[in-house]
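From first to last, the protein sequence lines stand for chains A and B. Oh and the first sequence: position 112 is 112 in our numbering, straight run, nothing missing. If you want our numbering, it's the position in the second sequence, counting the first as 1, plus 1000.
Worth flagging that the hints you see were computed from the coordinates, not collected in a lab. Fair warning: this is a prediction, and the values are worked out from it, not measured in the lab. Glycine is no exception: its CB is placed at the ideal position from the N, C-alpha and C atoms. Possibly wrong hints are sitting among the right ones.
Now the stretches of chain B that chain A is said to cover, found in silico as 3 or more residues with beta-carbon under 8 Å [said to hold, decoys possible]:
#1 1348–1358
#2 1528–1539
#3 1606–1620
#4 1626–1634
DSSO-like, lysine-lysine: derived pairs with alpha carbons at most 27 Å apart [unchecked claim]:
#5 B:K1579 <-> A:K103
#6 B:K1422 <-> B:K1267
#7 B:K1522 <-> A:K64
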Amino acid sequence: MDRRIRFVIAALLLAGAVAYLMYTGVRQTAVYYLTIDEFLSKRDGLVNEGVRIAGRVEPGSVRKRMTPAGEELNFRLADFKTDGAANDAVAVQFIGVTPDMFKAQGGSDVIVEGKYHDGTLYAQSLLTSCPSKYEADVARK
Amino acid sequence: MVDVGSLALAIAEVLALYAVAMSLAGAYWRKADFVASAEHAALAVWGLAVIATAALLHALVAHDFNIEYVAHYSSTTLPTQYIIAGLWGGQAGSLLFWLLILTSMSAIVHLQNRHRNREFMPYVTAALMAIALFFISMLNFVTPPFQRLAFTPAEGQDLNPLLQNYWMTIHPPALYVGFVGCSIPFAFAMAALVTGKLGDAWIRTTRRWTLLAWFFLSMGNLFGAQWAYLVLGWGGYWAWDPVENAAFMPWLTCTALLHSVMIQEKKNMLKVWNMVLVILTFELTIFGTFLTRSGVISSVHSFTQSGLGPFFMSFLVGTSVVAVGLLLWRLPKLRSENELDSMLSRESAFLLNNLVLVGIAFAVFWGTVFPVISEAVRGVKITVGPPFFNRVNAPLGLILLFLTGVGPVIAWRRASVHNLQKSFLLPVSLGLLGGAILFAAGIRHYYALLSLSLCIFVLATIVMEFFRGTRARQAMLGENPVTALLRLISKNRRRYGGYLIHVGVVMMILAITGTSAFKEEKQITVKPGDTFPMGRYTLRYEGVHPHETPHIAYLTAALTVLDNGRQVEVLRPEKRFYKRPEQPTTEVAIRSTLGGDLYVVLGSYDDASKMATIQAYVNPLVSFLWWGGIVLALGTAVTIWPARVPARAPVYADAGPRGRVLAE
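Sequences are here, hints too, so could you generate the full structure?
Pasting the structure below:
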């Protein structure tokens, strides 16, 4: 019987270790995942927090500039729903390799991850999410 | 042809339902002819799936753009191999393809078991056909592959350029075979639960199926990694994206299962645990499909917010309820007669390995669904990224690596000091020595040091096993070393095939260690003639050359690679602009050596200034990932190959711990 208890203890220790690793892992790597309208309404409380925001690039807002560190991309991130001029948006700056699916004229759905301060979101990563990648809307005329 | 396809699916719906009902009725009222009729229906469903698939393939190849699916995923300019790949390039087609694999496997199972496992078969038929019925219903009512458009477009929208890649054509089929293969052990497990024949008959029958499913899951994941590495252009092969995790989780539980069934076969233990693993693995394959199809979790390459989510969720819940219900009902009968004797035994090493594998699967699951959970509990979506997964899984992976060395050679029941010394003194010493040498060489990355030492330790245990076995044969039978080695393997396929698989896994871990601990990356903007150092190389940017074909426009950069001032290669990363659908893609260029890859990407190019941004990576040891995969495949082939002689090994050929325990 005491053998069985020893095994239970060993299993519990392992489970505890997994739980501990997961707990600290979440603590140290979690970022808020927000849609752009959630972010815009809460942005003052999110200064210098890690955030990951899904939004749409405001058409006509994209500026590219070559710098020694790479291509600097400035654009405004707006609501998914507003395809035209958005009433509110946040400025995003990203230096790095622009993803292939990022449209220079704007309108791409993107996920940016980074930190927000001084009125600009400094993105470390820029991903183009494309919900329609595999199932594009076919023109049903 | 198209109408034949839809008709086939409609008939398949009826026949699958018939097969489920008749097999259950036949089992209940003990009517052999009912069961036989159900089995014939199952074979017919396979035939119908073949017809439906052929119809869709025909429509694709014949460019019948009136079919929505064909208009979506192919075009007249698309090369033929990608037209065929279009079969699984989209949702409806991939479900049809899934159905084809499932029913084909079911047909094989039925043919194999015409005279065997008769008491299981009605329930196996019912389980497999119930799963098939779900997929057929999806195809008939939710995403019909033969949907017609109101008009016929002159040209199709073409397959997504990212999918126009060799590895992407074979990645989904491999993964599907792996996913679907997990249904077979599940069906037999359900049959064992219903019939109450809970011995190892169902395990022996499904052992090869499980191994086959596991093999295809491994290959599917690896092909996906290869595709990501070559196509996505971010310098890595694994990003802990939900879609990747979806395929990784069943692999983990399936790996656990492959190990724990050995304990049931040899010691008649862990019966409940094996059932749990079979159910878990199957449900994770369905969950994986749900994850990729439902859009519940946002992923960079999430497929679509399609209407399939709720159906998959219901199927997941329904099958879980049935399976867990049966398990609970049979729980008293599943209690094992044997107990673990000692912590230092092969049984407990296997058990621990199982716990770690399931622990990893749980951590991956948790990290994947964390946004959903945190939103439900705290009202905010919080995501965890790759650092979470690496942090949690690196230590667990190292424990697992250690157990890979311990498990196969430690004695059953209770290891004596003598056994431990004989099996582990040399490997442990070699591992420590290797670690010390690497430390002296200046490596201070402690995870990497530990991982590399463990790799040496595991390899040493395996080499010793081969060496001892071969020498025993030489001594006993006077065979020459080569014959002795080959016979040793061929007479103990499962065991030595397993060792080969472990060698493959160790090679992959080498690659994972190299790329995660010693990866270098650099992003630099250069003008023609500029040079910059990268790893042990110097790169010189020569300029960009544009050219064009009817299908694609190219920008090709030339980068001369200099090794100690000597030109060794010119790398040509590309930006491609596909014309339909209009989309740019990145084509990476790689100089691959066994020691590591130099990986370069053309980030962006400014025509006015001729300046280009280059993203360069050095990925040490990464090629071991692919070579490890090949070794793993070889090992699987050795293990799975039907033995001509009965697999029972003569005692003298077995110099392993089992033989020694007998001798002691």
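The hints, checked one at a time:
1. 1348–1358: It holds: at least three residues are needed, and the region 1348–1358 of chain B offers 5 whose Cβ sits within less than 8 Å of chain A.
2. 1528–1539: It is violated: at least three residues are needed, and the region 1528–1539 of chain B offers just 0 whose Cβ sits closer than 8 Å to chain A.
3. 1606–1620: holds (count 5)
4. 1626–1634: violated (count 0)
5. B:K1579 <-> A:K103: Holds, because 15 Å separates the two Cα atoms, which is no more than 27 Å.
6. B:K1422 <-> B:K1267: holds, 24 Å
7. B:K1522 <-> A:K64: Holds - the C-alpha atoms of K64 (chain A) and K1522 (chain B) are around 20 Å apart, at most 27 Å.
When the structure is compared with the earlier hints, violations turn up for hints 2, 4 and for no others.
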